[in-house]
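All chains, full assembly: derive it from the sequences and hints.
Chains as they are written, first to last, in my numbering: chain A, 1 to 133; chain B, 134 to 266; chain C, 267 to 399; chain D, 400 to 532.
Since the hints were derived computationally from the structure, they do not count as laboratory data. Only true hints are included.
Derived Cβ-Cβ restraints for the label pairs, each shown as a range: (1) D:THR532 to B:GLU176: 44 to 50 Å; (2) B:SER216 to A:LEU104: 49 to 55 Å; (3) D:THR532 to B:SER216: 49 to 55 Å; (4) D:LYS403 to C:ILE271: 53 to 59 Å; (5) D:PRO520 to C:VAL369: 50 to 56 Å; (6) C:LYS352 to B:ARG255: 39 to 45 Å; (7) D:LEU440 to C:SER354: 35 to 41 Å; (8) B:LYS260 to D:LEU503: 31 to 37 Å.
Partial pick of chain C residues on the chain A-facing surface, computed with a CB cut under 10 Å: (9) ARG279; (10) LEU295; (11) GLU304; (12) GLY339.
Here a beta-carbon is modelled for each residue, glycine too, at the ideal position from N, C-alpha and C.
Protein chains: 4
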Amino acid sequence: MNPKIHTTEIKVRYAETDNMGIVYYANYLVWFEVGRTEYILSEGLDYADIEKEGLFMAVIEAHCVYKAPARYGETVVVHTWPSDIKNSSLKFNYKVTRKKDGVLLAEGFTTHVLIDKDVKPRKIPEKIRALLT
Amino acid sequence: MNPKIHTTEIKVRYAETDNMGIVYYANYLVWFEVGRTEYILSEGLDYADIEKEGLFMAVIEAHCVYKAPARYGETVVVHTWPSDIKNSSLKFNYKVTRKKDGVLLAEGFTTHVLIDKDVKPRKIPEKIRALLT
Amino acid sequence: MNPKIHTTEIKVRYAETDNMGIVYYANYLVWFEVGRTEYILSEGLDYADIEKEGLFMAVIEAHCVYKAPARYGETVVVHTWPSDIKNSSLKFNYKVTRKKDGVLLAEGFTTHVLIDKDVKPRKIPEKIRALLT
Amino acid sequence: MNPKIHTTEIKVRYAETDNMGIVYYANYLVWFEVGRTEYILSEGLDYADIEKEGLFMAVIEAHCVYKAPARYGETVVVHTWPSDIKNSSLKFNYKVTRKKDGVLLAEGFTTHVLIDKDVKPRKIPEKIRALLT
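Structure, rendered in structure tokens:
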């Protein structure tokens, strides 16, 4: 039961680089977000719609290991897949590679809890659970 | 009737620099926002409270002229003052200088319209108008 | 002699939104940067290569008029075209529209000076000038 | 041998919030960076000077656990202290609390390797090691 892995390409923006001439480390978490938005979309869900229903996927943990730098002008590929889908929480896993040579730039994960507007944990709706598993 | 000019110090963050080794140009608009938040606070208002009342200061125009670069580790000073306070709109003006030598780094303005949650323009409340003029 | 207009699509990131539920105003300048990077690429140049030759397109002015908000999950289209190509400076113009209905969200420009590593203005190389005009 | 803990206050910027009305998760890594810059400064070092000598503190790992959201207008306190100072690597630890009530918002760490311009690991200079231990 291997999960589907979704891949998204991102062109490195000048805004994302820093004084060291490489992509600033916090921006990998932004790319992770792009990866999971696209993963969810690829399953036929739209996270914007989930929020319109008053549900939010709050991040409770984020982790990233940096292997090699990304630079302006390069295209990176974010590989995203879910795991550990529990009652009201789930995990997304990521690998970021450089498109031109496949070199691994970073890998990490984010853990999320589904909450409502009152910041109360909510059971992941069956519709969503079915699509992610 | 010169307006009061409020000054706020900002330490340049690594995250704000780019590949050129200087502060990325869009971040001056973030510093302008810090300047006007602090200006409003210095007048005894809290923009967070204004939003809690369902009023938002939407930006309708932004302009910045870049004179000299800011670098990581430097402290900049944002000088902020309002002008052109009309029925439902107002302008904030900014000068950004380098603290250690006073060199002008950038200057610009933002124009705002007060709107409600339905994105309808609203008259600037007298309480706010009185404080800004 | 109408200039070529280049269009680039950008999917709004969660990171780009703010407390008002719309895209934070400084991010339009980031999108302008994506637009001009793609414009230059579409002409067969790579701005990353220009920088490797020790030339930088410093921004000396930026301007943006905001017409309507962009929201998470929407796709925007950045329309980019150069103008006012002078000895060592040039201007890029932008219109940002919402993809699904073509509504104009913002328009603006940035003015640039070509400089070298010593921050001295440099004549725009003929190779670049030819491609932009 | 408890390490010194350095505290830095940060006022939440509007730019740092997102659609959920809270600070976007990647920005905690920016705050961590502000924390370690200030930690290093408090020890009499200036990271900008370290870079001028051709040494860079590359991030190889980042981790953050999110406990409670931060909102626009609040002031947060970043508590920073180093640990695991090895031959060419070290770790920084962080706790972010809300100033007004001391509530823990997030905690995490970053691990760094000292590298030179050729991205080769370098021994942490005695001058720096002495200050951090």
